[in-house]
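2 protein chains.
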Amino acid sequence: MNRKGILAVVSGFSGAGKGTLMKLLTERYDNYSLSVSATTRSPREGEKDGRDYFFVTREEFSRMIRDDELLEYARYVDNYYGTPRKYVEGELEKGKDVILEIEIQGALSIKERYPDSLLIFVTPPSAKELKKRLTQRGTETEEIIRKRLKRAAEEAVGVENYDYILINDDLEEAVLRLHRLIQDQHMRVGRQLDFISDMRGQLADL
Amino acid sequence: MNRKGILAVVSGFSGAGKGTLMKLLTERYDNYSLSVSATTRSPREGEKDGRDYFFVTREEFSRMIRDDELLEYARYVDNYYGTPRKYVEGELEKGKDVILEIEIQGALSIKERYPDSLLIFVTPPSAKELKKRLTQRGTETEEIIRKRLKRAAEEAVGVENYDYILINDDLEEAVLRLHRLIQDQHMRVGRQLDFISDMRGQLADL
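One line per chain: the protein sequences are A and B, in this order.
Residue 119 in the working numbering sits at position 119 of the first sequence; the count goes up by one each step and never skips.
Residue 17 in the working numbering sits at position 17 of the second sequence; the count goes up by one each step and never skips.
Hints in this document: simulated from the structure, not taken from any laboratory.
Fair warning: there could be bad hints in the mix.
Identical copies go unnamed one by one, so any copy, or any two together, can satisfy a pair.
[Said to hold, decoys possible] Derived pair list, reagent style SDA-like, types lysine to any residue, alpha-carbon separation capped at 20 Å:
1. Lys-150 / Arg-200
2. Lys-147 / Gln-202
3. Lys-150 / Ala-204
4. Lys-111 / Arg-188
5. Lys-128 / Gln-105
6. Lys-111 / Asp-163
7. Lys-48 / Ser-35
8. Lys-131 / Leu-206
9. Lys-131 / Gly-201
10. Lys-150 / Phe-195
11. Lys-96 / Arg-51
12. Lys-132 / Gly-201
13. Lys-132 / Asp-170
14. Lys-111 / Val-189
15. Lys-111 / Gly-190
16. Lys-111 / Met-187
17. Lys-4 / Arg-85
18. Lys-132 / Leu-206
19. Lys-132 / Asp-205
20. Lys-128 / Gly-201
21. Lys-23 / Lys-48
22. Lys-131 / Asp-205
Keep in mind it's a predicted model, so treat the numbers as computed, not measured.
Build out the structure end to end from the sequences listed, making use of the hints.
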């Protein structure tokens with residue numbers, strides 16, 4: 001049986017609850033590895049190098065691109081964000097299911113490179129709920145929230161190329177569904193061809 | 001949201017436990033409709049017309065083919081088996097998830113006609129276990145069991161075009177997994193395009 005891990009990419013509107021989902025998922029099940037992105041932006045208060053991001057210089061980031069050390073990268077506002085390849089491939093080889101939390105542009109590059117990766121887009125049940133969640137955070141001004149909501153519609157461009165839409169209405173339910181969606185991938189025919197071929201061999205030998 | 005039902009096709013080795021799986025699935029969850037095949041073969045003892053099969057004459061079967069009343073049909077030994085279209089399409093429209101238990105050849109025709117149908121192949125965990133299950137049934141002679149096992153290897157031809165392999169090791173676990181595999185399809189992006197488009201509309205209106 002093919003025990004190589006699943007590469008799952010999770011994207012979604014800001015305010016959809018991705019962060020909490022990832023936190024609960026990795027706390028509750030021990031078969032997941034969360035990929036840490038490299039970025040050229042400065043650390044915010046409380047962020048730790050190697051845990052939240054790998055904070056690198058622009059020169060280092062350029063070198064990583066040149067040396068094919070990034071699975072994908074994207075520019076967002078004035079900063080670059082990328083997924084270090086070595087960690088992801090190492091964890092997959094070990095049989096870990098690896099989760100990348102990245103935006104749509106990067107996710108679609110991953111799908112091109114790894115056609116059997118799983119793309120999941122997380123969304124709140126409605127725009128009204130999204131607004132409520134962003135407001136409740138209390139970390140942003142009303143002006144920024146308005147901009148975010150305006151941008152959200154654009155953020156969803158390309159989502160029709162994802163595999164699944166996960167509506168995060170009830171958090172507990174959403175964690176379970178996310179877990180199942182990823183675990184079900186182990187049953188995909190493409191991952192079970194060795195099993196089938198073994199089975200045929202056994203049948204012929206009976 | 002697209003509430004149209006899922007069309008799930010279940011195939012597998014004889015002895016894989018498909019019958020019991022179907023029985024438990026439809027007993028436990030009320031969103032499933034099990035399609036009943038039409039056949040030209042004679043009813044066996046205990047089989048009931050309309051429940052186990054629709055027993056029809058060869059002439060009637062030919063007419064159904066001609067009038068496009070069958071979603072797929074196949075010849076097996078000297079008899080024909082087919083899936084009546086009207087029932088399946090009616091149930092899907094009602095939002096029911098419809099299950100067809102048919103063999104590989106028919107399943108692949110269904111997939112061609114309905115690309116978003118879900119093809120699941122059920123298998124016991126090993127050839128040894130398959131032999132054990134066929135023997136325990138006690139309904140077949142050793143000669144027939146030997147022939148069945150020989151044929152099983154051929155039965156799996158084309159299975160690489162299925163979506164999922166369900167290993168029926170523990171029956172309870174297998175029923176749950178089958179249920180989840182089918183229900184997860186409701187989250188597929190292709191079924192959620194209306195939701196996404198509504199969401200975009202709502203965001204633009206905020």
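Hints, one by one, checked against the model:
1. Lys-150 / Arg-200: between (55 Å within a copy, 10 Å between copies)
2. Lys-147 / Gln-202: between (61 Å within a copy, 15 Å between copies)
3. Lys-150 / Ala-204: Between copies only: 7 Å across, 62 Å inside.
4. Lys-111 / Arg-188: both (16 Å within a copy, 16 Å between copies)
5. Lys-128 / Gln-105: Answer is neither: 25 Å inside a copy and 48 Å across each miss the 20 Å cutoff.
6. Lys-111 / Asp-163: both (10 Å within a copy, 18 Å between copies)
7. Lys-48 / Ser-35: within (14 Å within a copy, 56 Å between copies)
8. Lys-131 / Leu-206: between (63 Å within a copy, 9 Å between copies)
9. Lys-131 / Gly-201: between (57 Å within a copy, 14 Å between copies)
10. Lys-150 / Phe-195: between (49 Å within a copy, 18 Å between copies)
11. Lys-96 / Arg-51: within (18 Å within a copy, 46 Å between copies)
12. Lys-132 / Gly-201: Only across copies: Lys-132 and Gly-201 sit 17 Å apart there, 58 Å inside one copy, limit 20 Å.
13. Lys-132 / Asp-170: Answer is within; shortest intra-copy Cα gap is 15 Å, inter-copy 44 Å.
14. Lys-111 / Val-189: both (18 Å within a copy, 15 Å between copies)
15. Lys-111 / Gly-190: Classified as both; 16 Å inside a copy, 17 Å across copies.
16. Lys-111 / Met-187: both (19 Å within a copy, 18 Å between copies)
17. Lys-4 / Arg-85: within (16 Å within a copy, 40 Å between copies)
18. Lys-132 / Leu-206: between (63 Å within a copy, 12 Å between copies)
19. Lys-132 / Asp-205: between (63 Å within a copy, 15 Å between copies)
20. Lys-128 / Gly-201: For Lys-128 and Gly-201, the Cα distance is within 20 Å only across copies (12 Å; inside one copy 57 Å).
21. Lys-23 / Lys-48: within (16 Å within a copy, 53 Å between copies)
22. Lys-131 / Asp-205: between (63 Å within a copy, 12 Å between copies)
Hint 5 alone, counting from the list given before, is not met by this structure.
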